[in-house]
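Using the supplied hints, reconstruct the complex from the two chains, each of which is provided in its own coordinate frame.
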Amino acid sequence: MNLNLILQLALSGFLLGGVYSLIALGLSLIFGVMRVINFAHGEMMVWGMYVAYTLLLWTGLDPFFSFLVSAVILFLLGYLLQRTVVNQILDFPEAMQVLPLVGMAMVFENSARLIWGPDYISPQSRFALSSHSVGFLTIDTPRLLAFSLAIIFTVLVLLFLKKTDMGKSIRAAADNRLGAFLVGTDVNKIYAICFGIGTACVGTAGGLLVPIMPLSPHIGAPFTLISFIIVILGGMGSLTGAMVGGLIIGVAESVGPELMTNLFQGIGLELEFPQTMKQVVSFFILIVIMILRPQGLFGGKRG
Amino acid sequence: MKRIYLFLVIGFLILLTLPMFLSPYALGIFIMIFFYAYLGQSWNILTGYTGVISLGHSLYVGIGAYTTYLLTLILGLTPWVGMWIGGIAAGLIGLVIGFFGFRFGLRGVYFVLLTISFAEIGRLIFLHLKIFGSFQGLFITPHFSFWNFQFKENTPYYYIALGYVVFSLVLVRFLERSKIGRYIIALREDEDAAESLGVNVFKYKMIAIFISAFMTSLAGAFYTNYLFYLHPGTMMSMAFSIEIILRPIIGGMGTVLGPVIGSFLITPLAEISRSYFAKAGYEGLHLVIYGFLLVAVVLFFPRGVISYIKRGLAPFLGGLK
Chain H
645 MNLNLILQLA LSGFLLGGVY SLIALGLSLI FGVMRVINFA HGEMMVWGMY
695 VAYTLLLWTG LDPFFSFLVS AVILFLLGYL LQRTVVNQIL DFPEAMQVLP
745 LVGMAMVFEN SARLIWGPDY ISPQSRFALS SHSVGFLTID TPRLLAFSLA
795 IIFTVLVLLF LKKTDMGKSI RAAADNRLGA FLVGTDVNKI YAICFGIGTA
845 CVGTAGGLLV PIMPLSPHIG APFTLISFII VILGGMGSLT GAMVGGLIIG
895 VAESVGPELM TNLFQGIGLE LEFPQTMKQV VSFFILIVIM ILRPQGLFGG
945 KRG
Chain S
2 MKRIYLFLVI GFLILLTLPM FLSPYALGIF IMIFFYAYLG QSWNILTGYT
52 GVISLGHSLY VGIGAYTTYL LTLILGLTPW VGMWIGGIAA GLIGLVIGFF
102 GFRFGLRGVY FVLLTISFAE IGRLIFLHLK IFGSFQGLFI TPHFSFWNFQ
152 FKENTPYYYI ALGYVVFSLV LVRFLERSKI GRYIIALRED EDAAESLGVN
202 VFKYKMIAIF ISAFMTSLAG AFYTNYLFYL HPGTMMSMAF SIEIILRPII
252 GGMGTVLGPV IGSFLITPLA EISRSYFAKA GYEGLHLVIY GFLLVAVVLF
302 FPRGVISYIK RGLAPFLGGL K
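Protein chains in written order, with the working numbering: chain H, 645 to 947; chain S, 2 to 322.
Derived by calculation from the structure, the hints in this document are not laboratory data.
Hints may contain errors.
[To be verified] DEER-style ranges, computed between Cβ atoms:
1) H:Asp-830 - S:Phe-13: 55 to 61 Å
2) H:Ser-774 - S:Ala-27: 57 to 63 Å
3) H:Pro-918 - S:Leu-78: 30 to 36 Å
4) H:Phe-928 - S:Val-82: 32 to 38 Å
5) H:Gly-910 - S:Ile-30: 53 to 59 Å
6) S:Lys-280 - H:Phe-928: 38 to 44 Å
7) H:Leu-651 - S:Gly-29: 54 to 60 Å
Please read these numbers as outputs of a predicted model, since none were measured by experiment.
Beta carbons are placed, not taken as given, at the ideal position from N, Cα and C, and that holds for glycine.
Just chain S, with the same shape it has in the complex (with noise of 0.2 Å):
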């Protein structure tokens, strides 16, 4: 057995007793490094191993969010039921975008001008509906229980978090190894090889964007229920759409474990940085710093800390894949 698994088992045995020691502000960022992790993995889905690049997932966690919201306040649907339900409207219009996108073989940058028109008309439309708020956005009153997903500690939305995480990894590594995901990374590596050898490229493209967006959306449930405020222009902007894409890239697109370092990484700098430079009177700062890192990861690292890490760490872990 590949000592690695040891090692993921271990790491999540100690993140399962870390709540234990922690200070609700270190738990806060656990909670948010699990919270980008989990995203990063839903955008690694498509992107990382399709190979197309969406600048437009903030759609999907607005749609998860928004509806689960809504179901709530009208069915009194429990939140754990409509995130699913969340998820499968998300994956709709990740399959309507798949059509337009991949039917009419739009590539590059044309996909990504479609991710982002969608997005933004989406982030428009609901900044404009009367019943989420409007301009003002969305304040949720809690009720506090396991049923409404709404609690008073950082420590049950921890592991809700971890579970997330635990969830997107065991998926991906299942997709990865199984015949869709071969046929998917197949046509990542060249497209009209894959087809000519007899890969549906349309079909399996459109089952990546279906999975990436329904699983995007499972974080909007979880984001309304731990922040109790809603506004479309922050969750549904470009620059939330960019901060999910930012993990998994420095980590390492394409690869299981890439995300979660990624997250791990930069989810703690963000966060504290972002606080720190905000009471220095520098807000926007860790932005720029953002904006320089994504830069120069591309120049330099193309390839994600991962393979480095895969590089330094390989006489331990015997074959890190």
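In isolation and in its complexed conformation, chain H is listed as follows (with noise of 0.2 Å):
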């Protein structure tokens, strides 16, 4: 086993992991004050990828800085889409929810493939090959500086939930619908801004995943898979689950597929365990916390 490598998959891993929780703390907000789950969530983060690359092409401004215009866009878009759609299905059966949010990442995923066509484009960032040398790890600039404004993002987020008024209306909103209504909170408002605020997380994160990896439209469904299994793993609702959810995760994908392969050769097995399978192992992380603690890491009660 190579020690060196598993610590540099880790290390990498880590770093998306990063963006990671940030893309499952926008779904765990949602969740946490709506009930619903975002089955668009992934679709949406692609929206963001495409804004800034879309402004990379026409105005040369670095992804890393316009990030912050694919989150602006992707809060109006989760409004809008609140407004519309999800605040028509807050009563029904969670089993009903699931179908037109589904519909909608259809639109989504489907309608980016109209507007910017089906290939695979991976845009330059100025960043993009330059790497830093720690001791005998190599650490990649554009995934450090992806990591470092996702944290920042994410402590901001929850800073404004904790801090200002309208962050206080959200989570009184989360903690009693009806109580909120009776002392005058606007909840239809408070809820729309709220997904916004969830979409705009993924707005934040596809901007900043754009120099790390490669832009399709159907890409997104594996990222709206990622951040279920985050949250789950987290707990449903809890922000701080959603955060270290995402770390680990990053780590498990990295790492998994080398372990296993390792463990194969281990027990004698001609077996490959590629890294196109890494979501195999996100999965089976999934399925072994539904049985054992499906209340997640930082869970309390079932929901």
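Set out below in structure tokens:
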């Protein structure tokens, strides 16, 4: 077993995990407040990526700055989606809430394909190929930047929820919808803003991912699934859980395939566990966590 | 006797004679209508009747298709026999998923995620198996004969697909009337109440998922031998699962005729719009429309088209159930 390689993989997975955390934070926030699962989450992230990409194409603005524009546009999209669709399904049985959002996921995915075409694109950021060496490890600059900005954004969202009046209203509406309504909170507006913040998180994450991975309209669905896995691992509605879960899944996906290959060789099997199967590791974690600890690592009671 | 049966028999007789009049292209559309009606019906057994939503039914199609293919390849077994073995394999996988889901009480969204996870794991594993052509997929060289389930013309496929639909209709109608069916419907309406009345909820959910998975996978054998091309990226994807569930939802879940009505409404639209938009350079537009349809149906007609047909035609049909 190559310890050096494992550590290198763990580090790059950890850095990507920071961005995963931000994606999952959005999902967890929406679920925690509205009890709705945004099945279009990853597809909306792809929209965030394309917004940053288009800005890069038109104005040459680096994705590490234009992610803010992605955040704003995705906030508006999320706000509108909540007002038009999500607000109507809040009182539906849980199972029926799934279908309209799956429908919206199809709309986002395929309209992105109509607008930007089906091919993979990997735009070059100014920082794309630079890297730092720390001891025997190398750190990708884009990954490090994406990680730091994602963590900063995450902390800002958490501060917003803790300190501002709007954040307090959001938490009040999450705790008790009727109670918040009775003391004069405009619950519908709060819900729409909250959904907007949730999608702004994925917009940001999308912008930050542009320099790291090639984009195509169809890469959204795996991100939706990964963010579910993270949220369930961390605990539904738990924001700390989303952060920690993101880092865990980031590392597990990166290190898992290599460890599995080593394990196969250790027991004398000539099998390889390719990196393209890394999602199998997360799905496996999901199944185990749902069975053994359905409330997640940081969840309270089962919801 | 209820008049609805008379209407169904007349409809069936018309469908029997159709291949004499239709062009091969139109026949192809009818084949797809039957194919999706059958798949929708299989999904309907689980989700429509027990209320447990599965978004991973493409997994069973894949298992059915690949098992049948593999048995033909290795043992020279005819698909007519292989498909039943594939059905049992898919049913067993369904039982595994059901065991995890129902034994550990995963309800609602959690169960949806469980089915998606299994389907995605299945897709990724099949995508990496060399025997199935890995990322290129698998082209099957046809050897036309009845024994091989491979035909030059569309007409035999038409009758086989029609047979699938009739088989599923009879089975679901029979199930609905049976003791099992009544227990299953009872637990859909109120799981706790059914359990307190002595219905073994776990057992009947397991029966439902087994039948559903078994039937879904039979369509896989048809798919293989009709298209001669297998690729996990299309037939085992979540997009295909959504194709499966769209028709019963639009037609009306938890009804015998809902999936068939849904398929007659949606499949021709889908087939024609797909090729029309693709020709016009708007590939994927039909999926955008699907997405909006799914939203609209759940928001505005959550009980499906069949409830409106029932109301409109009640005087003529005399009790459409």
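Results of checking the hints against the structure:
1. H:Asp-830 - S:Phe-13: 55 to 61 Å: holds, 57 Å
2. H:Ser-774 - S:Ala-27: 57 to 63 Å: holds, 60 Å
3. H:Pro-918 - S:Leu-78: 30 to 36 Å: Holds, at about 31 Å.
4. H:Phe-928 - S:Val-82: 32 to 38 Å: At 34 Å between Cβs, range holds.
5. H:Gly-910 - S:Ile-30: 53 to 59 Å: holds, 54 Å
6. S:Lys-280 - H:Phe-928: 38 to 44 Å: Holds, since Lys-280 (chain S) and Phe-928 (chain H) (Cβ atoms, about 43 Å apart) stay within the stated range.
7. H:Leu-651 - S:Gly-29: 54 to 60 Å: holds, 56 Å
Going down the numbered hints, you'll see the structure goes against none, and every one checks out.
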